[in-house]
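Read off the chains here:
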Amino acid sequence: MGMGKADESLRSTRLVFYKEDIERIAKILTTFLKNANARCVLLVDKDGHLVTKEGESSTYDMDTISALVAGSFAATKQMAKLLGEEEFSIMFHQGKKDNIQLSLVGERTILAVIFDDKTTLGMVRLYASQVSSKLAELFGEIADRKSEGEKISQEFGQAAKGKLDDIFGA
Amino acid sequence: MVQINFARREVNCKIVFYGPGLSGKTTNLEIIHKKVPDTARGNLTSIATEQDRTLFFDFMPLDLGQVAGMKTKLFLYTVPGQVYYDSTRKLVLQGADGVSFIADSDPNRMNDNIESFKNLERNLKDYGVDIRKIPLVIQYNKRDLPGALSIAELNAKLNPIGVPTFEAVAVKGEGVMQTLKGISKLVVERLNEEYAPVKTAAPAAAPRPASPTPAHGSPRPAAAAAAPAPAGQKGTSVRPAPAAPAPRPAAPAPARPAAALPPAAPRPAVAAPAPLPPAPTRPASPPPRPAPRPAPAPATTPDRKGGSKAWIWLLLLLVLAGGFAGAWHMDLLKEYLPPPPWKQPR
Chain V
46 MGMGKADESL
56 RSTRLVFYKE
66 DIERIAKILT
76 TFLKNANARC
86 VLLVDKDGHL
96 VTKEGESSTY
106 DMDTISALVA
116 GSFAATKQMA
126 KLLGEEEFSI
136 MFHQGKKDNI
146 QLSLVGERTI
156 LAVIFDDKTT
166 LGMVRLYASQ
176 VSSKLAELFG
186 EIADRKSEGE
196 KISQEFGQAA
206 KGKLDDIFGA
Chain X
6 MVQINFARRE
16 VNCKIVFYGP
26 GLSGKTTNLE
36 IIHKKVPDTA
46 RGNLTSIATE
56 QDRTLFFDFM
66 PLDLGQVAGM
76 KTKLFLYTVP
86 GQVYYDSTRK
96 LVLQGADGVS
106 FIADSDPNRM
116 NDNIESFKNL
126 ERNLKDYGVD
136 IRKIPLVIQY
146 NKRDLPGALS
156 IAELNAKLNP
166 IGVPTFEAVA
176 VKGEGVMQTL
186 KGISKLVVER
196 LNEEYAPVKT
206 AAPAAAPRPA
216 SPTPAHGSPR
226 PAAAAAAPAP
236 AGQKGTSVRP
246 APAAPAPRPA
256 APAPARPAAA
266 LPPAAPRPAV
276 AAPAPLPPAP
286 TRPASPPPRP
296 APRPAPAPAT
306 TPDRKGGSKA
316 WIWLLLLLVL
326 AGGFAGAWHM
336 DLLKEYLPPP
346 PWKQPR
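From first to last, the protein sequence lines stand for chains V and X. Each residue of the first sequence is one higher than the one before, counting from 46 in the numbering used here. Each residue of the second sequence is one higher than the one before, counting from 6 in the numbering used here.
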């Protein structure tokens, strides 16, 4: 299976998010939630890790939702390729009450919007596309920046191994 | 791909269980789900066919809790083992930080093992990952089968690279946690090498000594020896908490080097207009021109995070002083002050 140029560039770059990044993202997302009147919005990277979330989400199992969002997006991408499309950039799942819309942001992040009948798909879609381009721009900045910022602590490795022994049995 | 989220103080690692169909990948995950303490356990989600064959993947998050100030999670995935699910298998492999290869000890499955291992190598390569470089362990599962291949035979065919290996009988829960621990440790070691501030000490090279460690007990003694750097720590019988919070005094948080952030240019500009009105003592007709307004902005921009407050105060002071001087100059203050020294008395 061939890989695009874009994918190539992703390989080397690891995603590291700093506080300022997330604060800026959060501001964009909060505005979006208010405008679109959606319930909750998540940003998930294509590997299935949650980047950040806004809105009411306490009842959801975020880790699993993120993994599934990334999985179904990846599956859809394969489907697109078989149909001769590069990628489907929007996915929508409709439920009785709650709906979820997934849309691509930049090259490696997915915006998942969970909303109910307080708003409409059109509203969500309209604002989601606006917010996507804003976020894509921001991610571009983040990716371009050399990650010289914070590091994890030197003790991380040892501490983590200790934890592993505790949890998995020595 | 490890995701490090300094805002949420999270480290997320992705570990993928790979191997031929029916070798026991999902069983491994189920056992882990059963054995792990409640505090760490997440939900086990399976996308399976009606016959309980993995269709897309199984997924389970494990929460290790706080590790050196970071909330650390392992995300465990299994791939569908069957040959014709290669495209989904490859999707799941994307961004993996470590791979646990589950091999079947049944002699009749040897070809499937080999094929799956080659498939792993190929798929990793497509993502630009060298199978010799990614954290990898092999589990020889189903050791209780009559006629199971010997470890030597299995090693000869499947483990030319010499990664750590573990024997297991996954259905009975034997060897499962050891395997998970083995791969997890390799992953966090790698993470530490790549992301902790370089202290030069531990030779980052030789991460995988060529000796295939023959299973079960201690995963890879050689490797442990290779990373002796933090001497005392390892022995301190009560490993759990101590390492975490205490000894990271100069921890990351405040030490953020200024260079990284984009200059906070726009914000001060917004702040500027606000303080203007109060400047003149009497709000008389001619609004005092905020004379020195634009000039200082670009000049000062000390975008060190801590300095930005001081900068706003400085700007405020300048504006006030300007307003005051302007008012004085326009004789608005003549009731209170003598004319300013720069003015010729008329």
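Keep in mind the hints are simulated off the structure, nothing from the lab. No experiment lies behind these values; they were computed from the predicted model shown. Idealized CB from N, CA, C, for every residue including glycine. Fair warning: there could be bad hints in the mix.
Claimed, not checked - A partial selection of chain X residues facing chain V, derived with a Cβ cut-off under 10 Å: (1) Thr93; (2) Asp149; (3) Pro151; (4) Tyr200.
Checklist entry - Among the hints numbered above, which are violated by the structure, and what are their numbers in rising order? => result 2 and 3
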